[in-house]
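Chain P is fixed; fit chain A onto it per the hints.
Single-letter residue listing:
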Amino acid sequence: MQRRNLMRAGLAGMTTFSVGRHALAALNTDAHPADRPRRLVVVFLRGAVDGLNVVVPFSDPAYRSSRPTIGLRAPGQPGGAIALDAHFGLHPALSPLMPLWTAGKLGFVHACGSPDPSRSHFDAQDYMESATPGRKSTQDGWMNRLLGLLPAETGQAGAAPTRGISVGPVLPRIYAGPQPVANLASGDGAGKPTALDRPRVGAAFDKLYAGQDSLSAAYQASRQAHREVMDSLQGPEAQAQEMLAANNGAPLPNGFPADAARLARLLRNDVRVQLAFMAVGGWDTHANQGADTGQLASRLQPLGHGLAALAQGLGPVFEDTVILVMSEFGRTVRQNGNGGTDHGHGNVLWALGGPVAGGQIHGRWPGLDPSAQYEGRDLAVTTDYRDVLAQVAARHFGLSDQDLSALLPGHPVHQASSFSLIKG
Amino acid sequence: MSSHPIGLRRRQLLNLCAGLPLAGAPLIASRTVFAQASAVSDAEALHLLNRLSWGPAPGDVMRMQQMGPDAWVDEQLHPQRLPLPEGLTRALDALPFTHLSQRDAVSQYRRAAQQARRDPEAGKEARQEMLKQLSLEAGEARLLRAVGSPHQLQEVMVEFWFNHFNVFAGKGLDRVLVENYEQEAIRPHVLGRFRDLLGATAHHPAMLFYLDNWQSVAPGFQPRHAGAKNAPTGLNENYARELMELHTLGVDGGYSQSDVTELARMLTGWTFDLRAHGSSLFMFDPQRHDMGSKNWLGQTVAARGQAEGEWALDQLARHPSTARHISDKLAQYFVADEPPASLVDKLSRRFTTTDGDIRAVLQTLFASPEFRDPARYGAKFKTPYRYVVSALRASAIPVSNVRPLLGALRQQGMPLYGCPTPDGYKNTEQAWLNPEAITRRVGFASALASGRLSVDRPTESLPPMANRGNDAAPNSPPSPQPQPVDLNSLLATLGSGISGKTRAALQTEPKALQAALVLGSPDFMRH
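Same order as they appear, the protein sequences are chains P and A. So that you can map any letter, position 317 of the first sequence is 317 in my numbering, and since no number is skipped, the others follow by simple counting. Plus 424 on top of the position in the second sequence (first one is 1) and you've got my numbering.
Don't take every hint at face value.
To be verified - Computed list of chain A residues with no C-beta within reach of chain P, every gap over 12 Å:
(1) Q538
(2) A765
(3) R876
To be verified - What the simulated footprint calls covered on chain P by chain A, stretch by stretch (three residues with Cβ under 8 Å from a Cβ of chain A suffice, anywhere in the stretch; the number is not a length):
(4) 209-218
(5) 282-294
Claimed, not checked - Only pairs whose alpha carbons sit at most 30 Å apart, straight line, appear in this in silico DSS-like list of lysine-lysine:
(6) A:K770 / A:K753
(7) A:K595 / A:K770
(8) A:K595 / A:K850
(9) A:K595 / A:K556
(10) A:K556 / A:K850
(11) P:K192 / A:K935
(12) P:K136 / A:K770
(13) P:K136 / A:K753
(14) P:K192 / A:K753
(15) A:K850 / P:K136
(16) A:K935 / A:K925
(17) A:K548 / A:K595
(18) A:K556 / P:K207
(19) A:K718 / A:K770
(20) P:K207 / P:K192
(21) A:K925 / P:K207
(22) A:K850 / P:K192
Hints in this document: simulated from the structure, not taken from any laboratory. Just so you know, even glycine gets a beta-carbon here, dropped at the ideal spot from N, CA and C.
Extracted from the complex, chain P is given alone in its bound form (with noise of 0.2 Å):
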C-alpha cells in the first residue's frame, strides 16, 4: 500500500493518494453484495449485427429455407451452432462465451429491439443511445442520464469524471449530456505518459484551461481520467494482475480484446467507475457474410474473446457488474442475391454478469413464419430494449419508478415484467 503510493507519486504526482483505498475497496469481496459496487458495461455492435446468426433459431423451418447457403446448422451436425436449448444455438466462433452460459452468467433476450420502424443505422443507433425512439430532439444520451441519477460511489467531493468511462477517440452519443465522463484511447495508448505528464508543461496548460467553459471542462476531466488510469493500469497491483491473466490463457491479440482487458483492468481497481461503454464496428453484413466461418464468424470471433477476457478479467468484481450487448437493429430473415442480408428489425440483445438470470433465452419467440415477420421480411421486435434497460436500473442499480421516468422519457415504466432478465 504504502509503496503502492510512493511510486505513484513518482509517476503522476501527489494528487491521488485516495485510490489506492478504493482499489482495496472493489477487491473487498467480503462486504454485504448490497455494499458492493454495481457496474454497467455497455458494448455497441454498430452496423447491425445479423442475430439471427448469432443466436440461432435452429428448430424453425423458416429459418433454414430463408438462409439457404448463410444460415448455420443444427446443433451435432458439422460446423453447427452450439446448442443452447432444445430450439436456439449458439455461433461456433462464440464458443468461448460457453463457460459463462453454462455458469448461469449469460443470457439473451431474443426478438429484442427499437418500436421505431427506421432501418437507417444512423438514426437507429441516435434512438438506441438516446432511448426516444422516433424523437432526434433528445440532447442527451441516457448513460449520461443513468450517470445523473446515481449516487457516486465514494464520499469525495466532486463527481470523478471516471464514473463514466468510454474507450475510444470519440465520445459516443449515449453519453452526450451534462455528467462528465472521460475517454480512453483505445490499444496501449491508454494509460502511457504524454506530453503533459512533464510537470512544465502541464503547469502552463492547467493554467490555459483553468476555466469553467466546455474546453476547460473536458481538459480537466482528461488530466484527472488520466493520472486515475496511469494509477490502476500500471500501479505495480495492476501489473501483478496482468501477469496472472496473461498465466492463465493465451496472449491477447489486438483489438476488442485487449481493449476488454485493459477496461477490465480498470474497472476492477478503480471502484469509482460505473459505467463503461464500448464500440465495435464491422457488423454490416451485406454481403458474403457467410455461415459458421467467413466474414461473421471472423467478427465475432475477437468479441466472443473479449468479452470473456472482460468477464475474466473483472474477476469478483463481475458478480457485481452487468455487461449489455446491443446493436441498433436485426438484419432481413432471408439472405440477399449475395450470401448477405440486408437492413432487418428485431434483434438478439446480450446480457452477461453475475445479477443476469442466465443460462435462458428471455423474450417472446414471435417465430419466422412469413405472417409473423414485420413487414414481410424481418424479425418482429417483441420486448422493447428499453424495458431491459429499465430492469438493469432498477434491479441492479435500484432506481426508483421516478428515476426511470426520468431515464426512459416517454416509456411507461414497468417494474413487473414479463422478463426477468436480471435477478432481483
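Chain A only, in chain P's frame:
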C-alpha cells in the same frame, strides 16, 4: 526488393514547394490597393480564412486586405484563376500511385495478389509494401494540397464532398481505388453541378464496390460461368438506401422501404468490369438488370436498362429534399453546428433555382448575413483534420513527411480515408470535443511546436526494411536539428484569433513552451 527511384527526387522537390506563401501569388505591397480594400477587419479576414480555407498561413490576412474580401472570396470560388505553385505541382507529379487510372490501379492490385499466391512469402511482403506506399502517397497528395495549395476553398470542398460521398479505404479493392475516386469522381466537381458529382460517384467502381451495388442483380440472374462460386443471385439494397438517405434526399426526405427496394432494382446491372479497356471500369450489364417495371417515389418506371438509373439520379438531384439536405449540411459545415433555418431556406432556394450549382450556392452562403455574423467567429470546434492542417499552415513548417500527420489523425479518431461507415465524419463539436481529444491535441501541438514531429525532415518514401536506420545514404542531408516554430510569426499570423487572455498567459511561461501553448490553446481549438 527494388529501391524507389522517386524517393530522392521527390525529397528534393518537396523542399522546394514547402514554405512558399501559402495562399496565392507573391505579395505585392501596393499602397493604393491596400488603401482601397483595407475595409476588412482583422477579425473578419480571419473568419473568412478560418471557414473558406484550412486556416490562416503567414501573409494571408495581409493579402486579403490588399485584395479586399470580396475579390478574395471570388478568387477562391474560381480556383482556376490562380496557378498552383510550381513546387507543389512537381511534388504531386512525383507521386506515381496517385496518377494511376482505375484500370492500372486494379491491375497492380491483382498482379500483387497473384504474386502473393505464387510466392506466399516474398509476394505477400511485396503486396504489403505496395499497399503501404499507395496509402502513403494518397495521404501525401491530400495533405500537401490541403496545407500548401492556394486553392484553399477547393481543398475544403474536396474534404466536404469526399465525406458526403464517403468510401472506406479499408474495404478490399477500395484500398487501391480511393485515390482515383477522389481525383476523378470528387475533385473535378467540388464547385460544379451536384448532378455531375452524384453521377461521377455513382459510376465509380470505388462506390459500386463499397456499397455492394456491383453485385446486385435481378433475381434469377444466371452468371456467364455456370457454377461460379459466390455468384450473385439477387438484389443488394445497400447502395440504393444510402444513395437516398445520405447522398441525396436525407433520412427524412420522404421515401419508404419499398422505395429502397425499387431503386435497388432500377440500379441492378450497375457494376464494373476489371478487364475493361477504357479509363473507366464502369459497366452496365443488361444481363443483370431487372427488366420488370418498378414503382418508385410514386411513379411507375418502365424498364429502360441503364437509363432507369440515370433518370433516378436526375430525379434525386432535383428533388426538394435533396436541396434541403445538402443546404443543411453546407450551412452546418460553414456556419454553425445548428445552422440557422433562414440560411438553409435561402441555400435550398438557390440550389433549386440554379439546378444544383454548388458554386452559386456557396456564393449565397458566403454573402449571407448569417455567415458574416460576428457571433459566428471562432464558434466552430475544429475537427481533428482541420486542427492538424490548420496548425501546419499557421506554423509555416515545410511539410516533407506526412507520416506523423497521418498518425496524428488516426490517434485522434479521424484517419484519412479511414471512415468505415458511409455517413463520413461529422464536423460538430458534439462529435469531436471530448477529454481525450484535448490531451491528444495538446500533445500534437507540443511535438509540432518544438520541431520534434519531424514533418519537415524528409524520409525516404518507403525504404526497404533492411535499409532502415541506414539513413546516411548518399545524397541524404545530414539530419538537421529540430526546428521549433517561430512564436512571433505564429502570433502575427493568427492575429486576433489568439485572445488577449492567452497572450497574457504566455508571458509567464518558458520561451520554449510558448508556441506549443498557442497551438494548444483553447483559441486554436476553434475556428
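Violating hint indices (sorted, rising): 3, 7, 14, 18 and 19
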